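Engineer: The task is to assemble the complex, starting from two chains supplied on their own in separate frames and drawing on the hints.
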Amino acid sequence: MDLIYTREQEDFRKEVRQWMQENVPAEALSSFDASREGFEAHRTWEARLNAGRWGMVTWPEAYGGRGLDLIRWLIFEEEYFRAGAPLRVNQNGIFLLGPTLMEYGSDAQKSRFLPTMASGEEIWAQAWSEPQAGSDLAAVRSTARRDGDDYLLKGHKIWSSRAVYADWAFGLFRTDPDEKRHKGLSLIFFPLDAPGVTVQPIAQIDGETGFAEIMLDDVRVPAFNRLGEEGQGWSICMTTAGFERGLMLRSPARYQMAAARLVALWKRLGDDAPQSAREGVLQAVMDADAYALAIYRTASKLMAGGHIGAEASINKIFWSTMDMRLHRTALDLLGPLGALTEAAPAAEDGGAWLDGYFFALSGPIYAGSNEIQKNIIAERVLGLPRA
Amino acid sequence: MDFRFTEEQEMIAETLESLLGDICSTAHLRKMVDAGRTYEASRWQALAELGLCGVLVPEELGGLGLSEIEFVRIAEICGAFLLPEPLVESAGVALPLLAQICGTDTALKDIVAQLAVGEGHAVLFHPAMPLASHADTARFVLRCNGQRIDYGRPAEMGILAQPAADPLTPLFSIAAGGGCSASLPSEQVDKALAVAHDRGALFAAARMTGIAQSALDQAMAYAREREQFGKPIGSYQAVKHLLAEVQVAIEFVRPVLYAAAALVARGDDLARAHVAHAWLRAGETVRLATERSVHVHGAMGYSWEADIHLFLKRGLVLSRSWGSRDQHLEHVAMRMTRHGALDAERLFGNPR
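Chains as they are written, first to last, in numbering that gives the first Met the number 0: chain A, 0 to 386; chain B, 0 to 351.
Next up, chain B with everything else stripped away, as it sits in the complex (with noise of 0.2 Å):
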């Protein structure tokens, strides 16, 4: 029992952070969205050559065949950084999914070798997760259909914008029919897609974690800087405890997130209950810390201008993205209902 990220996973978690203080600046954000761009080329491929597009992929498929542990580090500093490209919806859902359900398929083998380096990304429409982001440009796009897994270009696929709050998502709907599918038992199916519905909800709630930190961390800037009545106004208490409350929030999303992480990687049936946990929790989570980082910016926080508006609009479209509130209550609920679940020694899953 160590609670602790190993050396390797820290590091992991540093150079990504290290790399996106270096190319994923708001000062680049900010140009992107004034010049309309979604995606930049360039940034992923950097994330590329670090391996990150395929780190759920297993070895034997071209990835790093790393787990949920390593991956939720990785969704909450993308989280932190509003990174726009679609690594956590690719490396971190789309592409395990298929790798997952790929079989002896070499052509699609092929297309998972190419997708784990890199060679562009792929994006899943799921009944939790019916608008996707990025799927114009994606090479690969998956989508539920009842028993079956259809996939295809997204030219075939009848993909349809839908503009969203934030800038940087280009979210997209896609018609019930259409492409090609994929040939697998539906037992199979089933369980690759509630893998995929853990780890879709998982990684959002470990983006807006990173989301919830970023617009605090924006909040004590501007509250160091500010000056009201001759002094900084986060020297006034009404400014400290707003913000010592959003410091609270995310310190306990925190644990619940990463043991979640844990529980998802060995397959505890207990999972999903806290998965749906930290999802909630990271909602409110980014919600508080957003709304009250516009609140604490003052008037400077409803214009365009400030970068606040930006992590406030990610962290909207994340937190509908992957289930509803009622669906995550009814997945906690699981613990009230069932024998023995809320015995302290199964917080951490089932008794080998």
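If we strip away everything but chain A, and leave its shape as in the complex, we get (with noise of 0.2 Å):
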């Protein structure tokens, strides 16, 4: 066990963050859930950081990446977040698909689509859940009929994460009616504007439009669009899901930057903050310790050729738990200040804490539901028998 970084690894953090330095904007973007604009902008700092090659650094350089391992992949989502860098607008493809992709695509398929993904001309949405399959995805009904060299899709899908601004989405969809459960099913690409597409913006908690439904009512898709072989949807789903709950969506930077913020709020507000809410940040700062640290064991063991598995449902519950926890303490600190919103003058860090408050209630829901994953760990770690 070895824990420092080495030469090559400092100045690399060097490199990226005098990049973040020269780069970030110094206005905050406006959301891009909330409107075109703001999702636009977005996209526009997608090319921005593609053009300096930061798009995906742990992909290979022919596809826009720097072919860096996964340690100097948290060392730069440690400065990127540091930096106040934009949120990712196309986390859906880079951080999900996009390693599945690298894993099942072909070589077409990857020069097709990873380039793209990674300067960010092309953004992805998520199409799994429908009315009838949430946490039982398995139930899927959306079709995939073949015709030629084609597929036509037609089904209804729910909750999908970006759609309303997004160019293309992949989805589960069932290639063989006489196959159930989690047979005959295949993951499918389809450009969101196509004919037959129908996209109707779901506002969240928040107001924002961050997730959609999805009509389809035969979408013709060429039959190059499927990833992997027909029939083997469910399980790569599942790899992605393992992207989604254990390590890339949520990079740990993200809770050691907000771990510090909680931190810097408690300092300003000193004599008055109340004193039991101390406790909860330093459990925030323990926490985010807690799961960077995991993070970094998880990534040298993936370094020497590991998998991840059922060990990514583990991560997501503690970090959506983290977040809740941390998120709950910034508004008890907050007193009467934690109800107001950004557009409130008085509010604190122009309301982050609230906004930030609703974003950590999905966070227990979504990527597969923390009751799931408690399934799953039972079943696959401690091997209990399948009820």
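Incorrect hints may have been included.
As the list claims (entries may be wrong) - Here are the simulated EDC-like pairs of lysine to aspartate or glutamate, each with C-alpha atoms no more than 16 Å apart in a straight line:
| # | chain 1 | residue 1 | chain 2 | residue 2 |
| --- | --- | --- | --- | --- |
| 1 | A | 300 | B | 9 |
| 2 | B | 230 | A | 60 |
| 3 | A | 266 | A | 348 |
| 4 | A | 109 | A | 60 |
| 5 | A | 179 | A | 121 |
| 6 | A | 182 | A | 135 |
| 7 | A | 300 | B | 1 |
| 8 | A | 13 | B | 342 |
| 9 | B | 312 | B | 283 |
| 10 | A | 153 | A | 228 |
| 11 | B | 30 | B | 16 |
| 12 | A | 109 | A | 121 |
| 13 | B | 108 | B | 58 |
| 14 | A | 13 | B | 344 |
| 15 | A | 300 | B | 6 |
| 16 | B | 108 | B | 39 |
| 17 | B | 30 | B | 306 |
| 18 | A | 153 | A | 217 |
Simulated from the structure, these hints should not be mistaken for laboratory data.
None of the values given here were measured: they were computed from a predicted structure.
Structural biologist: Shown next, in the form of structure tokens:
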């Protein structure tokens, strides 16, 4: 065990830090879920990142990356959050689908989809859930019917993050109508502006349209848009879910930064901070540390050739619980000011803590509810019998 | 930067695991409890033969000259098997302290060399650990006395038995005076005692982590076997979720624990904050794991017959050793109040 950054890793950190200092917009961008304008501003930022080859540092150079290892990805993320850079509008693409494509895609598929993903020219939404298939994802009914070299997609997807303004979506479809449940499913991409696609925005708890319903009425896509083999959709989907729950979607830097901001808030409040909230602040610092240490450990294992399995579910429960705890503490610290929105002149940090609290509430739900994760841990890690 | 244990480190752990699997079964521990014994000389001898009694003692003083990184795994495994003998107390804390302060005193150096090969054990009474286990059978008792360290044989140090919840951890208190005194400049003693404190808390955390995993393993085994309403109770979500939450807690103690060990080994001044974090997290986790395991065992869990109470009780004793919750929270607070200590780049200690 060697927990010291190498000289090269330190130099890399300096390089990222300098680029971020020179390039991160001074003014925060407006939300990518609230308006087309905010969404496009984030796309412009993605293009700038990509021009500096910072779009996705772990990807091979041929696809717009730098071919770096996961430790450097963690360092990159730390500097990214330290600089207060914009949230990644293409997170469904770069953090979830991208790594999955790398594993299951053909060379032609990788060349077609990865570079435009890295550059933000094509921004991706997720189309997994359906009205009758939430936690029970294997109950999806949407179909992909083969028609020559094409598929015809039909069905109803819901809770699709980023689908309101995004360009593409990846979804789970039933390619074999005779198979049940986890079998006969395939992962297929479709353009959100294709004929037959209707996107209906859904307002979220904070009023923004971060997700949408997608109606598909015989949407024609080439079979080239299928990732992996026909019928392999479920296991590919679980690979994607592994990246979502376990590693890339929620990098530790996000929480380390949030904990540092919470400490800053606590210090700023001084004697006005309620005594009882102090332990919550300490807990946030410890939780962020523990999560970061755990991910460095996971990264070390993966770099030595391991795979992320059910530990993804363990990580997901931890980060979602931590985020809730941290934001509850923030609101407790703020007392009556904790209820103020960004429109209130007296709001601390521009109302960010309330926004953060609302967002944290979604953590135990999305990427597979925490109850489902506990079932996975109980059955696959602890070896308890299925119900 | 590599968070994995080396092959050698894994090998030490595997060797100890397989040894204790053979000679430290719960069945054997129960026999000891029934006979009122707390120490098995043959097991101590087996540990000594692996060199484990002198892991942290420098090679020139007769030890293995390894670091806290190796010992943290050893302590975790000792916890998991509920090892009654004071390996962690002696080889993890008291003996390395003695090795650090023995200076050029040849008589003391001889004692260190003998203890390093397992000829008896040493115990330390520290302000953060006023009750020490197995002090009556110790070859050497160390006592912090303000700026001095007193040492001597148990009989001359005024120790007094203080029976505790765990029948396999015989605790003792010690009188304030008596015994002879090591002659060391106070600054050096302070530093040595501070490191001893870090080791004590770190290895207590490691043992608690091991106990937590074993307690969970016991509950899992029971939940797979025990049937109600015609099905194993482990197939019900209410039980599954209780236990899954324990595994989550354990998985987030380990990285903190191992990082804390690496920082202590390096002498980094952020080590104490990580040790405190490990201690706090391990303490909460062992409580969660043992309480839930008792609960999942149902009425059986409340019986003397089931093994789980031994894990609960060892966890209970250890979770109040080496500092209080308030003290450790203050050490964590250091990271909040010290400039730059929360920067992500200082997660693994100060930059070189």
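Engineer: So, for every hint listed, does it hold in this structure?
Structural biologist: Hint check results:
1. A/300 to B/9: Given pair residue 300 of chain A, residue 9 of chain B holds - Cα atoms ~14 Å apart, limit 16 Å.
2. B/230 to A/60: Not satisfied, since the Cα-Cα distance of roughly 54 Å exceeds 16 Å.
3. A/266 to A/348: Cα-Cα ~14 Å, so holds.
4. A/109 to A/60: Judged against 16 Å, a Cα distance of about 12 Å means the pair holds.
5. A/179 to A/121: Violated, at about 33 Å.
6. A/182 to A/135: Between residue 182 of chain A and residue 135 of chain A the Cα gap is close to 14 Å, so the pair holds against 16 Å.
7. A/300 to B/1: holds (9 Å)
8. A/13 to B/342: holds (14 Å)
9. B/312 to B/283: Status holds; Cα separation ~14 Å.
10. A/153 to A/228: violated (20 Å)
11. B/30 to B/16: violated (21 Å)
12. A/109 to A/121: holds (14 Å)
13. B/108 to B/58: holds (12 Å)
14. A/13 to B/344: holds (11 Å)
15. A/300 to B/6: holds (13 Å)
16. B/108 to B/39: violated (26 Å)
17. B/30 to B/306: holds (12 Å)
18. A/153 to A/217: holds (5 Å)
Figure legend: structure checked against the earlier numbered hints; hints not met, in rising order: 2, 5, 10, 11 and 16.
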